[in-house]
Amino acid sequence: MGVTSILFWSLSALALISAIMVLATKNPVHSVLWLIVVFFAISGHYILLNAQFLAIVNLIVYAGAIMVLFLFVIMLMNLNTATEPKKNLWMKLAGIISGGSLFLILISVVRSSVDMSQKSALVKDGNIGLIDTLGKVLFNEYTIPFEISSILFLSAMVGAVVIGKKN
Amino acid sequence: MQALTQRSRAVDRKPLTLWERIYLPAVLKGMTITFGHMFKKRPTINYPEKTRPFSPVFRGLHVLNRDEEGRERCTACGLCAVACPAEAITMEAAERKNGEEGLYREEKYAARYEINMLRCIFCGLCEEACPKDAIYLSETFAPSNFARKGFIYGKDDLLIPNPKTQPEELAKARGEA
Amino acid sequence: MIRRDLNGMTLLAFDWIFLIEKLVLIAVIITASLVIAMYETYAERKVAAWMQDRRGPNRAGPFGLLQPLADGGKLFFKEEIIPNSANKWLFILGPSLAMLTAMMTCAVVPWGSSLHLFGRVIDLQVADINIGILYVFGVVSMGVYGIMIGGWASNNKFSLLAALRGASQVISYELAMGISLIALLMMTGSLSMKTIVEQQIANPHWWNIIYQPLGFLIFFTCAMAECNRAPFDLPEAESELNMGYHQEYSSMKLGFYLFAEYINMFISSAIMATLYFGGYDIPFVNEASLAPNTAAILGVLSLLTKIFIFIFVFMWIRWTLPRFRYDQLMDLGWKKLIPLALANMLITAVVILLKNH
Numbered sequence: 001m002g003v004t005s006i007l008f009w010s011l012s013a014l015a016l017i018s019a020i021m022v023l024a025t026k027n028p029v030h031s032v033l034w035l036i037v038v039f040f041a042i043s044g045h046y047i048l049l050n051a052q053f054l055a056i057v058n059l060i061v062y063a064g065a066i067m068v069l070f071l072f073v074i075m076l077m078n079l080n081t082a083t084e085p086k087k088n089l090w091m092k093l094a095g096i097i098s099g100g101s102l103f104l105i106l107i108s109v110v111r112s113s114v115d116m117s118q119k120s121a122l123v124k125d126g127n128i129g130l131i132d133t134l135g136k137v138l139f140n141e142y143t144i145p146f147e148i149s150s151i152l153f154l155s156a157m158v159g160a161v162v163i164g165k166k167n
Numbered sequence: 001m002q003a004l005t006q007r008s009r010a011v012d013r014k015p016l017t018l019w020e021r022i023y024l025p026a027v028l029k030g031m032t033i034t035f036g037h038m039f040k041k042r043p044t045i046n047y048p049e050k051t052r053p054f055s056p057v058f059r060g061l062h063v064l065n066r067d068e069e070g071r072e073r074c075t076a077c078g079l080c081a082v083a084c085p086a087e088a089i090t091m092e093a094a095e096r097k098n099g100e101e102g103l104y105r106e107e108k109y110a111a112r113y114e115i116n117m118l119r120c121i122f123c124g125l126c127e128e129a130c131p132k133d134a135i136y137l138s139e140t141f142a143p144s145n146f147a148r149k150g151f152i153y154g155k156d157d158l159l160i161p162n163p164k165t166q167p168e169e170l171a172k173a174r175g176e177a
Numbered sequence: 001m002i003r004r005d006l007n008g009m010t011l012l013a014f015d016w017i018f019l020i021e022k023l024v025l026i027a028v029i030i031t032a033s034l035v036i037a038m039y040e041t042y043a044e045r046k047v048a049a050w051m052q053d054r055r056g057p058n059r060a061g062p063f064g065l066l067q068p069l070a071d072g073g074k075l076f077f078k079e080e081i082i083p084n085s086a087n088k089w090l091f092i093l094g095p096s097l098a099m100l101t102a103m104m105t106c107a108v109v110p111w112g113s114s115l116h117l118f119g120r121v122i123d124l125q126v127a128d129i130n131i132g133i134l135y136v137f138g139v140v141s142m143g144v145y146g147i148m149i150g151g152w153a154s155n156n157k158f159s160l161l162a163a164l165r166g167a168s169q170v171i172s173y174e175l176a177m178g179i180s181l182i183a184l185l186m187m188t189g190s191l192s193m194k195t196i197v198e199q200q201i202a203n204p205h206w207w208n209i210i211y212q213p214l215g216f217l218i219f220f221t222c223a224m225a226e227c228n229r230a231p232f233d234l235p236e237a238e239s240e241l242n243m244g245y246h247q248e249y250s251s252m253k254l255g256f257y258l259f260a261e262y263i264n265m266f267i268s269s270a271i272m273a274t275l276y277f278g279g280y281d282i283p284f285v286n287e288a289s290l291a292p293n294t295a296a297i298l299g300v301l302s303l304l305t306k307i308f309i310f311i312f313v314f315m316w317i318r319w320t321l322p323r324f325r326y327d328q329l330m331d332l333g334w335k336k337l338i339p340l341a342l343a344n345m346l347i348t349a350v351v352i353l354l355k356n357h
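Residue numbers (my numbering), protein chains in the order written: chain A, 1 to 167; chain B, 1 to 177; chain C, 1 to 357.
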């Protein structure tokens, strides 16, 4: 067992445990903090795959910006265990069913993908996640989806401004 | 209404010009001013090492005077206590006994003489009221203290050193040593 | 190859001397930045005093030089207070995070070229990762959590308000900072700090400040905002929020928050010196003509000089300008700096395109 696999397993364990903690903690602020730990673990995985750019962008965008906004909202609304709304039985049942079916779909997707079996990850000399490769792929092969997603972001921004400017 | 001084000016509420809105020129101007101040002479005096000279009319802590033979001048007439607007002075008189002529100049003297420095406003009226030149305001001020008690100065705090028996201490207190 | 993949696995492939070398380097850098941060507090008080025609601390030791030690000792011996209603873990996590993120940025700054000792070439940089600047950004964006967690865990509305202010300020100014950096990165074509410095040292190329004055100005302003320095010190605005996000903190936990600010100032000065002022480049001297060790040491000194000048400018501005109002702060960030940075980026892009054709 090399250093890589030690790191891989500990990062995976960290990611899973903190993901469970996201759901298990009662306090929403703690959930967000655990989610940040998940992002860190995933960034660690990216680094193992030599995708340093992806790793750091994951940290900057998700852990650095989006989670801060989450925290903002939660802190401003002052959510805590006392104000947690009571969920009735039907809601819980619906949640279990939808969550379970999503889980099933994910498992079947992973099982049916031919690509992944019998292949090992490119550790430490892959170059998919490096910035120049990524840029070239994004702007050559996937220009149109890339631009469309940027338009999506733009419309979301316009929407936010419209909501904010209401009165 | 006529303005009292020439300095009052109407507030200018015009929108800022572009030059002003860049801010940077104003910021740089401010920075040159603060930078210039770094090389100005500092008015601070390093207090315990150096002291500022008092003005000759400074009114500081009181002293009870003695005459040249070392006798207390105070005769406990109470004029200072009457003159005191802050009612800071209290005293008790006593009669001079035989054999105490070297201690007290007059036949009556102050057995107890207290000035509450927290009440005192250092106006100097006691000094003016004294017919015997017994009380003077010196050129020191009251040091700080943790308790109120420490600010009530008794006779032993106020009396100047005896010129006969403690001439060096008197010279030191006068700042001559 | 070893250097390039430091982030990956090769470091752990048992080049023990290399590991020790790096550990020593890390220890030196951390000690140095702590000592510098300590004396920054002294310098801040001295500079403030001079600018206000005062003398500043001059009692502890000659010229008051032992003042930071006295302050630190005082903080250590203060009573440690954790409010009853506070969330204890997060309350402790807050200052630790602030300190940690402040220190972590040191790793990618190239402090000098390389020393030749005992037959080895020792790089004066902890890790030359190929995404150096992005790493700095990532760490800085983590720095918000120190403020937010600390402010929230104190369970005090003033702390919470200050924390929210601080976080939104840092996020807003990060944008303009990033865009102004993009213009620089388009010129250098590399995210590695070492490469950027080496490009500036190379002879026909001048320091980046010549090419990117506007970008530097924006970066500098944003750096001040990121460090929560006056005039951007709204998170700790004493007049309206009592003490800001660290109101409930006492003892060394408060000290950590205060200290983190000074380390941040040191690091951001180092990064500005590296990106725009040639890093460890000695002006008007051809480093290649010197012996490598001399050049490296002089280079470190030159970088430190640049850093100290920046720190002085930080303080100079702090003691000159009054604090912004919150809407003015947001106005400056979103309506002035971001459009300016975008324009700067577009112009740079056009110029580069024209040059390449």
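Quick caveat, the hints were computed from the structure, so don't treat them as lab data.
All values derive from a computational prediction rather than experimental measurement.
There may be inaccurate statements among the hints.
Straight-line distance between alpha carbons at most 20 Å, and here's what the computed EDC-like set of lysine to aspartate or glutamate pairs gives [claimed, not checked]:
1) Lys155/B to Asp133/B
2) Lys165/A to Asp327/C
3) Lys336/C to Asp67/B
4) Lys97/B to Glu127/B
Label pairs and their computed distance ranges (CB to CB) [claimed, not checked]:
5) Gly72/C to Val27/B: 47 to 53 Å
6) Thr44/B to Thr31/C: 31 to 37 Å
7) Ala349/C to Leu28/B: 25 to 31 Å
8) Ala343/C to Val3/A: 43 to 49 Å
9) Ala24/A to Glu20/B: 55 to 61 Å
10) Ala24/A to Ile17/C: 44 to 50 Å
11) Ser251/C to Lys136/A: 51 to 57 Å
12) Glu20/B to Glu147/A: 39 to 45 Å
13) Met330/C to Asp12/B: 36 to 42 Å
14) Leu28/B to Leu353/C: 30 to 36 Å
To give an idea of the interface, some chain A residues facing chain C are shown, with a C-beta separation under 10 Å as derived from the structure [to be verified]:
15) Leu16
16) Leu35
17) Val38
18) Gln52
19) Val61
20) Leu71
21) Leu76
22) Leu89
23) Ile131
We treat Cβ as the ideally placed atom computed from N, Cα and C, and that holds for glycine.
Check: Any hints this thing doesn't respect? Which numbers, in order?
Finding: 3, 4, 5, 13, 15, 16, 17 and 22
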